[in-house]
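S.K.: What follows is the residue order along each chain.
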Amino acid sequence: MQYSKIKLAVGLFVITLLVTIFTFLYLVLENKGTFNKRYNYHFTTDSAAFFSVGMPLKFSGFSIGAIDNISLNNDGSVFMTFSVDENNRRWITEGTVLMTVKPLIGSTQIEIYSAIGNKVLEEDAELLMIQSNDINDMITKLEPAVDKILKIINNIESITSNLAKENSPLNETFKNIRDFSAKLSNSDSLLSSLTGDKKSTKSMIDALNTTNSLMDELYTISKHISKSTSSLDAEIMIPASSLIKELDAIMKDVKQKLDTLDSTVRVVGSYDIDLLEFKEQISVSLQKTNQIMDKVDAFMQDDSKPEVSLP
Amino acid sequence: MIKILLSFFILFLFSACSFKQAPNEWQYKSVNAFDSYTKNFLSSYDKIAKADLKRSIAHAKQGVDLKTLSQIYLAKCALNISVGIKDECKEFQEISSLHKDPNLDAYFAFLQQKDPYDVDKLDPLYQKFASKLKANDYKGANEAILNISKPTSKLLAAALIRDRLTTTTRDEMISTASFNGYKKSALFWLNEKLLYIKDDTEKERLIKKIEVLK
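Chains as they are written, first to last, in my numbering: chain R, 1 to 311; chain A, 1001 to 1214.
Calculated directly from the structure, the hints in this document are not laboratory data. Treat the hints loosely; a few may be bogus.
Said to hold, decoys possible - Once the Cα atoms are required to be at most 25 Å apart in a straight line, the calculated SDA-like pairs of lysine to any residue come out as:
hint: 1; chain 1: R; residue 1: 288; chain 2: A; residue 2: 1046
hint: 2; chain 1: R; residue 1: 295; chain 2: A; residue 2: 1066
hint: 3; chain 1: R; residue 1: 288; chain 2: R; residue 2: 275
hint: 4; chain 1: A; residue 1: 1086; chain 2: A; residue 2: 1114
hint: 5; chain 1: R; residue 1: 305; chain 2: A; residue 2: 1040
Next comes chain R alone, as it looks inside the complex (with noise of 0.2 Å):
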């Protein structure tokens, strides 16, 4: 008797745990909306790269449906059907369209574009779906640049290669200039010619030769000068330059200690400002200690008297 009563009260138990558990269920499942009635739409795309089933489709940054099925058409397209519950579908009018975002960062979404205030459209409408790749946007856009930076570096190119060819005009004006030189210099005539008189292309002559003669004692001039310069950088000026390159370092230095003892002597200052700050705040913790102390004395005496009672 007592054991059926047992098993009764169990059997009860059970029950009432299950019929809890499952009411529990029944409620965070409805309060999620998993009973709601959904709509469905579709959209077609090229390809069902970047969508996947259970994608969020967004509006304004709120999740109000996902991709339920992605199938693929005849013609190659992508057939996709996505739905909403009953409280999103207000925002599924006539006029709304569909975005892919592929931002630079992050995975790709689809964006609800809504024209709020239209009708409602029906359930199994399709949507026109727009596609907006950040990525090939850039691509796009700077694509022109680089053909011109491109079409600029080839120009240069070829100048370059024309000028350093043996027979490229620049080349060709340049030997001309030698040869005209060359030959004003040698031909007697050509400057009797020039100038009218051979006295006067005589003297010219005389005067280019005096020239030539001065310009060469001028290169020996330069060239002693220059060794002399040479001696000059060995014997003083490279170590001279060695040594304020040294001091410059030294002093570096220095300056460098100088500004590390500098902040430490600041420190130090800081510390003592600190130091006197923490003395006076000890002082004040002694004080109420000894007030503390004081109530403590108090409490332990017996009496209360207000004389010293002499040993």
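Since the structure of chain R is provided, determine the placement of chain A on it from the hints.
M.R.: Same frame as chain R, now just chain A:
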């Protein structure tokens, strides 16, 4: 029941709020701090004792009361003497001219054993002892010491004639100090006892005892 408890609690709260501190609180604080000093000093808690004495003096000075301050200085001197520390009560002497109190002057003279002092001006506890002392009756003085009820007074009186004490009085001092937990005083009297023990074995035992207790 709840109503009664609540009423009681509110009454208690009001009484706590209406509690007024005495205007001469400094005096109570000074006395309490000195009492604490006495206990800690005799118990060899020197650091705490030092802090207590400082507090006691600070409170006495707060009340600008030379009488309390004189009492503190004199009591400190007396405690020192009671444990064998030589003290001429200089702090008291420095301010005694600013505050004349025949009772304190008599007590000071009694501590320093400077005649003449009026025995009647002393605390009644000491009067019999002081009379015997004045009459050079050391046997009577020993008996008078044993009859002093206050432990600190008993120890002080004994310290004043420590060269003239009987073994019984000396042992009584050790017992008194020990019973009250006055470590400093007890060690002092143990060392005093050591001076009068002739038996080497007992002397060694006592030395060992002192070393352990230190």
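S.K.: Quick check: which numbered hints come out false for this structure?
M.R.: No hint contradicted; all consistent.
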